[in-house]
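Respectively, the protein sequence lines represent chains A and B.
For the first sequence, the residue numbers in the numbering used here are 711 to 1144.
For the second sequence, the residue numbers in the numbering used here are 59 to 172.
If you are wondering where the hints come from, they were derived from the structure by calculation, not from laboratory data.
Mixed in with the good hints there might be a few duds.
To be verified - For lysine-lysine, the following DSSO-like pairs were computed, each having C-alpha atoms within a straight-line distance of at most 27 angstroms: (1) LYS1063(A) <-> LYS980(A); (2) LYS92(B) <-> LYS907(A); (3) LYS716(A) <-> LYS807(A); (4) LYS901(A) <-> LYS1063(A); (5) LYS807(A) <-> LYS828(A); (6) LYS92(B) <-> LYS980(A).
Claimed, not checked - If you want the footprint, here are the derived chain A segments under chain B, 3+ residues with CB under 8 angstroms: (7) 895–908; (8) 981–988; (9) 1056–1068; (10) 1084–1094.
Note that the Cβ used here is the ideal one computed from N, Cα and C, for glycine as well.
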Amino acid sequence: MPYFDKPAEGSWTAHYPELGTAPVSYEDSISPEHYELERRAIFAKTWLNVGRVEQLPRAGSYFTRELQAAGTSVIVVRGTDGEVRAFHNICRHRGNKLVWNDFPREETSGVCRQFTCKYHGWRYDLQGACTFVQQESEFFDLDKADYGLAPVQCEVWEGFIWVNVDPDNTLSVAEYLGDLGAGIAGYPFDKMTQVYKYRAEVGSNWKLFIDAFAEFYHAPVLHARQAVADESRKLQGYGYEALAYEIEGPHGMVSSWGGMAPPKDPSMVKPIERTLRSGLFGPWDRPDIDGLDPLPPGLNPARSPAWGIDSFVFFPNFMLLVWAPGWYLTYHYWPTSYNSHIFEGTLYFVPPKNATERLRQELAAVTFKEYALQDGNTLEATQMMLETRAVTTFPLNDQEILLRHLHKTAREYVAAYQRDPNTPYTPVRVPAVS
Amino acid sequence: MSEEHIVSVLPAEFADLEPFADWSLRTEAERYAKRLSSTMDELQTFYDAASPRLEAILEYLDALELRGLPDEATRLLWLSYSLVNVSFPVEVWRQPRVPDSGAASMDVVIEPAV
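Looking at chain A on its own, in the form it has when it is part of the complex:
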C-alpha cells in the first residue's frame, strides 16, 4: 500500500518516459573498455566538483587534486586578487609535476607565495604566470610570457569549486547544474564550516556506490540492525518510499522522509541517541542561523512535514545531501579503474557552540561511518558477481529510478563521444510529462 503519492502516470519512472522500465544491463560497470570511454567522454568533459572555498581561506592557499579519471592532476589556488583558479599541475619546462610532497601520486595542500618546481627551479606566481627561469639566457628566444601554467576551467558556485578539463567547454557551472542547482542556491553552505572528511578505497565501479546512495530501498534491510529491534521490524514491513524524485538533464534528486530527528517515540532510537539528541539524521535541534527557514525552493519539493533529507546526484560523481536538521554532506566518487574508485564523504556542520553540540555532531559523524562501512563492503560483493556475467540484466524498481537515470546518462555520454569525440555532449533536458 503506498504511503506517499506518486505522479499521475502511476510511477515516478513513467513520469520520465525516456527512462523506460526494462531490466538494465550492468555491462557499463564491469567493462575496462567502457571505462576508458567514460574517462574521455565524461570525466574529461564535464564539470567536476573538487572542493569548497573554505579550503582556500586566503591568497596563496592551494590544494591539488588527482583527477585520474580525467587524466590529469590540478592545482587549485586563490590568487593575490582573491580569484580561485585551476591549472594543470605540470611545469612548463620539462613536465615535472609542479606541486607535490614526498609522494608524487598523493594530494597536498598549503599556503605559498609562488610555486617553484623541484626540478630546475622555474617559478610561477599565484595567477599562473611564469616569473623565473633558471639560467634564462641559456634558452633560445624564450619569452616567459609564453610559459605560464596551463589553465583549467574553474568556477565557484555557492562556494563549491568546480573544474572542467575540456578547454572547449562553453557551459557555466550554473547552466550545467540547471534547475536542480538553481533550486538550492542560497542555502547557508558558507555557515557550515565544521568539517569531517572520510576517505575509502572501494573495490567497485564508481557508479555502483552512487547506486547505493541514490536509493533508500536498501535501508530497512542492509541497515536493519542500526535501529532497535521493534523499529527495525516495522521499517522492513513498511519498506521504503520516497517523498519525491526529480530528474533534469544529467542530474537527479530524491527527497526522503526522516522521522528519526527527533523520533516520535524516543524508545525507537538507541540509548546514546536519546541522551545526546542526535543520530544518523544529525543533531535533532536546528542550529540558530539564517537561511534554514524558509529553505530554498528546491529543497523538500513535496513540501512534506515529514521531510528529512534531499539527496542530489550531480552528474557525474558528486552527491549533495541536505538534512532537515540543518547540515549537509557531500559524496565524491573518483574512479581509479573500471572496478575501483576512491570514495570521499564530507560532513559539514555549523561550528558547535559548546561540548554538547560538539558531541551531537560527533555522534552523527560516527554513525555516518558505521553506515558507510556497511554500504562500502556490499559494493565489492556486487562488483565481484557482476563480473561473472552469470546474470547480465537486472530489474530496477520505481524507488531505483535515479540508478536507471545515472546509468542511462553515462551510456549516452559515451555514445555521443563515439559519434563525435570533439563536440561536448549536452544532454537534452526533457521536461517531465505533466
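The hints should help you fit chain B onto chain A, whose structure is shown.
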C-alpha cells in the same frame, strides 16, 4: 616511574573514570583502532562506566569555553568521543567491528581540531 608522574588526567569530579583514561584519545583513528583491538567485555565495561556519566560530563564541559578547554577537560571530551564510538559495538553490533565490513575501511582525513 616516580610517584609524581602518576597524576590524574581527568577533572577531579570525574575521578571515577580515571581507570578508563586510556580512552582519552585525540583522533578518531586512535579511538577506532582501540575499539577494534578491544574485547566486547572491555568495551562493555567502559560503556557501563561512562554512559551513566554522560549527562554530568556535558553539564561540566558546557560551563567551559569549548575552544579554550583546560587540558583535563579536553581529555574528558576526548573520552566522551570514545564513548560515542563504542556505543555502536555495545548498543548495536554486539561485536567491535561493523558486521560484514571485513575488507572495507574508511579513514578520517579531516576532523575538527576540538
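Practice prompt. May I ask which of the numbered hints given earlier this structure violates, with the numbers listed in increasing order?
Written response: 3
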